[in-house]
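Colleague: The residues making up each chain are set out below.
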Amino acid sequence: MMTSRGKRRAVVILSDSDCDSGVDEDVSGIIAKEDARGSPKSRKPSKKSIKGLGLSRKGLTASSNGNGAKAAQAQNVERFVRRERAEVGGAFAWPTFQPPAKKPKLDPAPDSNPERRGTQDSLLLKTPRTTIWADKYFPALEEELAVQKKKVGEVKAWLESCQSGSSSSKVLLLVGPPGAGKSTTVHVLCKPLNLQVTEWQTPVPTLWEEHVHHRGVGPGYSSKLDDFDAFLDKAEKFPLVPLVPSLATLTLDPQTSNGSPPNMKLSQQVPQGKVVLIDDMPLAAEGDRRQRLCDSLEILARSARFPTVVILSEGQAGQSGQGDNQPRWGATAAFQQALERGGAARISFNDITKANICKVLRRVANEERYDPPEEDLAAIAEESGGDLRQALATLQFHCLGQSQSAKPVKKAKKKKAAAKRGKKGALEDSEDVGQNGTQASVVEDDLGVPDSQAENRPELRGRDSGLSLFRALGKFLYNKRVDADVSGQVSANGDVSGDQALREELRRRPMASAQPPEATLARAHLDGPAVTAFLHENVLHFVDDDAIDDVSVTSAYFSDADHILRRRAGGARASPAEDQGAEPDPGRVGHAAAAAIAARGVLFGIVHPAPRKWQAFRAPVSGQVERRRLETLAQIQRASLSQSSSYLAPGAAGSAVLALELLPFMKHIEALRRWKAANGEGTARQEESLEHGISLSTWGPVFEIDRRKESAEVEEEAEEIEEW
Amino acid sequence: MLWVDKYRPHTLEKCTVHAQEAEHLKNLVSSGDCPHLLFYGPSGAGKKTLIMALLRDMYGAGAEKVKVENKAWKVEAGTRKIDLELTTVSSNYHIELTPSDVGFQDRYVVQEVIKEMAKSRPLTVDGVKGFKVLVLNEVDKLSKEAQHSLRRTMEKYSAACRLVLCCNSASKVIEAVRSRCLPIRVNLPSQEEIIKVLHFVSKKEGLTLPSAFAGRIALASQRNLRRAILSLEACKVQQYPFTDNQQVQVMDWEAYITEIANDIVNEQSPKRLFMVRGKLYELLVNCIPPEVIMKRLMLELMKKLDSELKHEVCHWAAFYEHRMQQGSKAIFHLEAFVAKFMSIYKKFLIATFG
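Listed in order, the protein sequences are those of chains S and G.
FYI, the numbering for the first sequence is 1 to 724, going by UniProt numbering.
FYI, the numbering for the second sequence is 1 to 354, going by UniProt numbering.
Hints may be right or wrong, so weigh each one.
[Stated by the list, open to error] In silico lysine-lysine, DSBU-like type, Cα no more than 35 Å apart, as pairs:
| hint | chain 1 | residue 1 | chain 2 | residue 2 |
| --- | --- | --- | --- | --- |
| 1 | G | Lys172 | S | Lys676 |
| 2 | S | Lys667 | G | Lys81 |
| 3 | G | Lys119 | S | Lys667 |
| 4 | G | Lys81 | S | Lys237 |
| 5 | S | Lys676 | G | Lys203 |
| 6 | S | Lys667 | S | Lys613 |
| 7 | S | Lys667 | G | Lys115 |
| 8 | G | Lys81 | G | Lys119 |
| 9 | G | Lys271 | S | Lys613 |
[Stated by the list, open to error] Here are the simulated distance ranges between beta carbons:
| hint | chain 1 | residue 1 | chain 2 | residue 2 | range |
| --- | --- | --- | --- | --- | --- |
| 10 | G | Leu299 | S | Glu631 | 22 to 32 Å |
| 11 | G | Phe348 | S | Lys480 | 28 to 38 Å |
| 12 | G | Gln191 | S | Pro609 | 20 to 30 Å |
Honestly, the hints are just simulated from the structure, not real lab data.
All of these numbers come straight from a predicted model, not from anything done at the bench.
Even for Gly, the Cβ is constructed at its ideal location relative to N, Cα and C.
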């Protein structure tokens, strides 16, 4: 454990110091751009993995002077990177690769470790690592799919019903987060059914300058949307030509076959039929283009002749709270609507479960003859957030610097070893911390708090895992604490903690999560007003019904948070940014402080949580209330315009006076007059009932808003989140 | 026409309630000029009546020929243009508006209007350039920025216009503005004055008003003259001839707050607090100002409290009212007060009754 970790560190250090930071910045720049443009591309590896491979490429090349095998390896990696580039979007210029100057003192890792070099060399000769594992271990059989069995069954049923012609709709819409195995499922299922997959692949984009340069030489420029329409047209019109098997191995290249973009990959057998697979929508971020794409999709859904599978990747849930993913989300939703209008069937995939990912990772690692410790795999699975492709890429990168065992590891033996390792590792960890950390964290490690372990090896991290809004809220509102008996232990062991100095009523058990609330807030991309409003709206349901004191504490903190929010906003109002009517910057210190206060206030305040049960989170209604208040205000002012009274003339009396004094009396007088006119003189008793009726009717909206709040369901919440 | 309009005094001489202030104002404008004025005092005291009468004294009946306009302004602020809309009441001699109605953009309104007025100065008969009067309502609700810009424009254009500011609380007007104005405090009329006015109104309407009933109306109106006259009219519509034990109308929002107070006292739990929150939202939606809610709620709760708690409850009400002025979302602070009260009250109950 220790040694392998040391090595891993060495690799990282090497790459950090050796690279001229231009490379990785460019790579991540490309990916960032791709992200921002909102391409629906789902098959892209994480930022980190490319970066990592790009760096290791350098390291390896630097050490490979005159070593043929190493050069081959370097080439391989380079090819891999290039390929990635093509996938990510080849239009961006790759920074020219220059062999880095020899830096012997910074570059000791490969040479100083002859044992590892030997094993690698020998292995490289036998099995060159040419592919990324996600491709290499692409499942071939239905059983190998890590996807939920039920979903696989649904897709299969649809395909079969299409083949037999009994299906109601020819178009299937698959939605799910990236890496959930949507395309894989289709590919795998089509094989045994002997269906050929005709896939739309987005043509490799070219720079506009390049088009201009090649004008008159190559094929002319055509819009990607035109290409897509043409593809749909062809794919839906023409059935398969029954080709002889020998011919079928041919692959039609898109560029040579007179400009038709799709890559027709023909399988070896004579296929029984075809499935059109649209995995990757052309980029259509805005207005007209999106509308056009939606229209063609709707037409497709109505008129498809062949079974067609449309795959839409949903944005990662954790990032949906913020603005950059919004256009993409919008587009995906628009496509979904268009397809469903056309009557497409829909199956949505979920994230692959951690356990399944772990299983696959273990299998792949065994086949690759690596033996990463179990907790590493668990951490990778955790970080991947249900994205198997990404998990594999992380695993591959993770294993780069490690030694391979000579033969595939036996399961039982390995498990034991892993367990042993895990124990030892934990021990070492705690020793590590014990030397330079506080005693409290040792205790935490011994308790096996998973978060703290994951934090000890940041190099494992595949990506910054986001948190969805509701999960973040849940973290605060459920307010998980370490169990009472355990915490008793803690205070018994670590009696140095400052807790003892506090008064009894201010002491709290340690939080179950080692992360500070601010980190959770940052991961969920929440800003001050949103956090405060959401927590405020929901907190009352999470407190035990007797614990009004807790609520009093939390609401005092909300008041503090609001106070800070406003002060910051007020102070910044004079700043030029606010002058331009710009949105308040969520990164502002005051907002962050307010968010922290609100979150910590909830964590501190709830001492007696309500019994654990499922709670629906509700979107805050305070925004709605404000909107409706303004509506009422406008209404009052309009009403006052129609009155002849000089008091009621707008501007003559403030809206407060109108609402407080004039209108209630006016209403009252009016109603009484009308009632009198209708009924003549009434008895006192009738008057009373009438009075009651009036006071109710003036408060008509009471019931309205109550109902609205009751019906604030998850859908409405989604809307509200977008507003936020 | 409502009685409040009908029996409003139109000239300073006819003012019966604030006769002394009216006298002072009359002397002030007898020369035809006046300093900037700041009228402050609680709602229903007669500020606006005094202002209107003052204008009439300065300009004659022409000041009462007003037209109501929905004015639109296009303001260029830096790179962007802001469209603002505000209703104004204006005569040849004055413009009246409530700049706080446009929210945080109020300062543009203040600047623009005053500039516009400075451009077109009226001529008096003898050819001297006169001035217009700008009446600004709810100055205490103006943002600080707007108040500062008000101060600057006040200095720059003081030759062209006189400002008459009207607000409830002078403490929310910045010092700089206050020092440039002649402050006039308009107090709430006393109980006796209100009763006198009520008798005056009913005499004019030809009604007989039992003095006990008049006293009850005056009491219920909390010395707010406008409210007293309005509720007199409402009572008349409801039942005439008046009887001594006739019910005086309570306003719906007041009844509602009383209901909230009952809810709070009857049960103290998060669930109840959630219900109260809904009701508070309801009041806010109906444009009841949060300060009024806070005050009224506190008063209602006070009625039901043991005297040993009163001090603490008052303290928290004041605390959160102050917070509310500084914060942006009133509900947080209202609710914090309610929660605090519930907590205190429950503790008290447990300590007293076990």
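Colleague: It remains to establish, for every hint, whether it holds in the given structure.
Modeller: Hint check results:
Distance hint between G:Lys172 and S:Lys676 is unfulfilled; the C-alpha atoms sit about 45 Å from each other, more than 35 Å. At roughly 40 Å between alpha-carbon atoms, S:Lys667 and G:Lys81 are farther apart than 35 Å, so this suggested pair is violated. Annotation: proposed proximity of G:Lys119 to S:Lys667 is violated, straight-line Cα distance about 43 Å (limit 35 Å). With a CA separation close to 54 Å, the supplied pair G:Lys81 and S:Lys237 exceeds the 35 Å bound.
With a CA separation close to 24 Å, the supplied pair S:Lys676 and G:Lys203 stays within the 35 Å bound. Pair hint S:Lys667 plus S:Lys613 does not hold up; C-alpha atoms about 46 Å apart against a cutoff of 35 Å. Note on S:Lys667 and G:Lys115: the hinted pairing is violated, with a Cα-Cα distance of about 40 Å set against a maximum of 35 Å. For the proposed pair G:Lys81 and G:Lys119, the alpha carbon gap of about 22 Å is at most 35 Å, so the pair holds.
A distance of roughly 16 Å separates the Cα atoms of G:Lys271 and S:Lys613; the hinted pair therefore holds under the 35 Å criterion. Between G:Leu299 and S:Glu631 the beta carbons are some 29 Å apart, a value that agrees with the proposed interval 22 to 32 Å. As the Cβ distance of G:Phe348 to S:Lys480 is approximately 33 Å, the hint placing it in 28 to 38 Å holds. The hint said 20 to 30 Å for the Cβ distance between G:Gln191 and S:Pro609, and at roughly 53 Å that hint is violated.
In the structure shown, a violation is registered for the earlier hints numbered 1, 2, 3, 4, 6, 7, 12, in ascending order.
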